[in-house]
Amino acid sequence: MFIRNAWYIAAWADEVGPQPLARTILGDALVLFRDHEGRVGALEDRCCHRGTPLRFGEVVEGGLQCGYHGLVFDGSGACVSIPGQTKIPAKACVRSYPIVEKDEFLWIWMGEASEADTSKILDYPFHNDHAKWPHKHTVYHIAAGYELMVDNLMDLTHLAYVHKSTIGGSNAKIHVNAQMKVTPKDTGLHYLRWMLDCDAPPTYKKAVSFKGHVDRWQEFEFIAPSSVVQWSGALDVGRGAQDRRDQDGGFSLRLFHGLTPETESSCFYFWSTCNGYRQDEPEATEQLFAEIANAFTEDKAIVEAQQASLSVTGEDRLVDIVSDAARIHMRRTLQRMQAGESAVASSA
Amino acid sequence: MFIRNAWYIAAWADEVGPQPLARTILGDALVLFRDHEGRVGALEDRCCHRGTPLRFGEVVEGGLQCGYHGLVFDGSGACVSIPGQTKIPAKACVRSYPIVEKDEFLWIWMGEASEADTSKILDYPFHNDHAKWPHKHTVYHIAAGYELMVDNLMDLTHLAYVHKSTIGGSNAKIHVNAQMKVTPKDTGLHYLRWMLDCDAPPTYKKAVSFKGHVDRWQEFEFIAPSSVVQWSGALDVGRGAQDRRDQDGGFSLRLFHGLTPETESSCFYFWSTCNGYRQDEPEATEQLFAEIANAFTEDKAIVEAQQASLSVTGEDRLVDIVSDAARIHMRRTLQRMQAGESAVASSA
Amino acid sequence: MFIRNAWYIAAWADEVGPQPLARTILGDALVLFRDHEGRVGALEDRCCHRGTPLRFGEVVEGGLQCGYHGLVFDGSGACVSIPGQTKIPAKACVRSYPIVEKDEFLWIWMGEASEADTSKILDYPFHNDHAKWPHKHTVYHIAAGYELMVDNLMDLTHLAYVHKSTIGGSNAKIHVNAQMKVTPKDTGLHYLRWMLDCDAPPTYKKAVSFKGHVDRWQEFEFIAPSSVVQWSGALDVGRGAQDRRDQDGGFSLRLFHGLTPETESSCFYFWSTCNGYRQDEPEATEQLFAEIANAFTEDKAIVEAQQASLSVTGEDRLVDIVSDAARIHMRRTLQRMQAGESAVASSA
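Residue numbers (my numbering), protein chains in the order written: chain A, 223 to 570; chain B, 223 to 570; chain C, 223 to 570.
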């Protein structure tokens, strides 16, 4: 059961150009397109004439034209042209979805259109600050439910086992013994993790030079149902990392993690990397992106295997451990949202 | 639910030689073979001993021999030899199907064998007239129900969108505004479409030379449940196309379209091209075949996408348009045939 | 329904080294590993923390460590370490299976652990006699139920049709007219087949030189539920093959066939070849293995096609023939074992 009354990332804004883009979101087959005025539309990917997917069509004056018999639909889903006839029946239409372009994302509302409040879309100003936060983005298809990907981001002890050679480093104890503080918030939760006086991981060392041991932090905010905003970094020991003021010469990155359900057991992982160092060197941006891409490919492999296993065995006989604290809080938030939607649905 | 009491094309006659050919028709797994006397047999593709598919066997004296333990079956499905024993139990047999070779086709009857009346098989004499109608044929596997492929042939407005660069041409209005006359027939329906004083499409221009605009016709006959016979052509304006007498120097082709259900959502598309021009130039025959092959690959792509969509969503909320006239008539004919078979089945 | 209270081959002993090996047996997803002391363990392939397959883990001091969050399990399935916490909950464990290394095999018990009696594991001393019986082994994945593979070994008339060019030879009558004696045993059945004064098949002729016709035997023992031990050979006519004493210069091989169910419709085929001739020539061992590999690839193809057919049509309307005698006896043995397990299960 999906949480439908929420904003999800449908695509990166630059994914939707002259060609229609097909994407299944929360189980609904959609087509995204950009009309001649540059406005993005999100429609049911099924012509109301003979059921042909609209992704085979093309953008024409007035909207998206079906590639089979030529019907044209505008961004509201209304049919505005049927070749060979002047009268257009009222029921000739397809479902449309509210969609908003913001901070390089296309945010879509999959629930009741009347409840789509754009003020509730999270802000990510770093995507608009290319000078201070040069960045790069992509999307991964993940053969696992989005909850398992959010789980992954809520328990960072996995860095010691999954990401030994990339963002984790080979000393498991650094991660296992990290000091972590979890703070519930109205929109989700916040956590801050400190790993003091430790060796920097391979990805950090490739990016900047350290004198020796570093003080390292990971600050995460989970915004329900499926966005995670991350700020991580490290400074030489004694440089005042814990004040988080003077960061010149240190390592600092911002990662955006947006998970959008495709089906109950698959999702899209929209992520970007912003480097807060060597901002005038494009190769630093490329290098960070490449490193993170490797690390997230490691996550993808283990989480897809986890999904395949759980799809067969279910969640029986599983045991929580101490490092699950943030994960459990996150899951309870999702359960409350789902229960809320179910209650509204059953009273209606 | 299939219409079983009907003749379908099982294969092109030249597909069945010394090697057995496996093909699923109306959901039944069959094996076709040609015995030492040249007669074609159609059997259930499952040995009655241990269920092994007979397609792994070989043709021997007396019939088709199973490739596992050597049982031999003749064209009637009777077992005529069991290695190592002289007595053959009466129940040692497989189901056989009436099959007839005619006009380069192998026509098969999938219903009650006692009702298989070969006089009801349609005539296609053009396949026997190599001088006037040189031709070439093939078969496409289509991941869509046969009805969707017949639909495709009943609404030619799709030429403007699906076949822009091949048999359609880029001027959508020519197709949308074509004059079309539909005539019901006992065996199905007939329609004739005229596109007068228009530009010839790319495929036509590659085949012959025109002075300028042409008068263009498309004559189709649908013979239920799944054959469509087409005669299309074009003459220079003023050459008397509408009389359809003097066609020297014009463009004229005959296409045979035979759809045979494989499963509820897949079929075989047997088609041939006959060129009524430049009959003594083999390259003209090859060129026409290649052009049509391209066009039908375009149909295959869009119809398979349509099937994939309808398999998920069903036919709810679909809206008929004006150009659906012949399609709707054709579908009603199929529904009557299905209803007739159901009535017989339930009274039995 | 599987027979669970039995020993099956889980793997060849040399398949399980430092890397965990995942394998599904009788429908259970397992991971096999060898600990630092060289002991083999067989565990449920699912961490009790978050369900991640343990095959992504690595062997560490104490057992197998999950590759996601670092829990460690010993060969009994007990969790012996959870990173970041000292207390280990009692329910933190995974299912383990009795597993025994013997004669180059790893034998596993999939039923009630308390009934796992290692004295009931069959002996195959030839694997320990490298001088007299040099050998080589492998495992094939078969997309067919194990019963169909045992069927295959119980009716050797198939050699005339499936293995014409390898171990069978092209004269079908030799196989069809072979003298065969079937003897029931407590643990299964034994059969001996004689083909006297006949031509040797291609595989035999490649291995050794014959003067002319040979006397050829095939001795098989089926040990329920799914092991078949074979001794086959041939001597020049008149060399006393039937006494089975003087075999110098003749052809003699031992094959081990072990079938282990993966699912109801797939299995693993563990097999080895031992050559009882030219024992000091490694190329003789390689050549025999390669010949048998070809022949078993032929069996795999036909049996997988048979399974695909039976999965759709079931076993209705099948007819037994004379050569099915041993096969039918074998199937009855399996049915008795299954019935026995069902009776115990329903009384419990």
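Calculated from the structure, these hints are not laboratory results. Quick caveat, the model's predicted, so the values are computed rather than measured. One or more of the hints may lead you astray.
Identical copies look the same in the list; a pair holds intra-copy or inter-copy alike.
In silico lysine to aspartate or glutamate, DMTMM-like type, Cα no more than 20 Å apart, as pairs [to be verified]:
id: 1; residue 1: K407; residue 2: E443
id: 2; residue 1: K324; residue 2: D257
id: 3; residue 1: K395; residue 2: D257
id: 4; residue 1: K403; residue 2: E505
id: 5; residue 1: K342; residue 2: D325
How the hints compare with the structure:
no.	hint	verdict
1	K407 with E443	within (9 Å within a copy, 70 Å between copies)
2	K324 with D257	within (17 Å within a copy, 54 Å between copies)
3	K395 with D257	neither (54 Å within a copy, 23 Å between copies)
4	K403 with E505	neither (34 Å within a copy, 67 Å between copies)
5	K342 with D325	within (14 Å within a copy, 67 Å between copies)
The structure is inconsistent with the numbered hints 3 and 4, although it conforms to all the rest.
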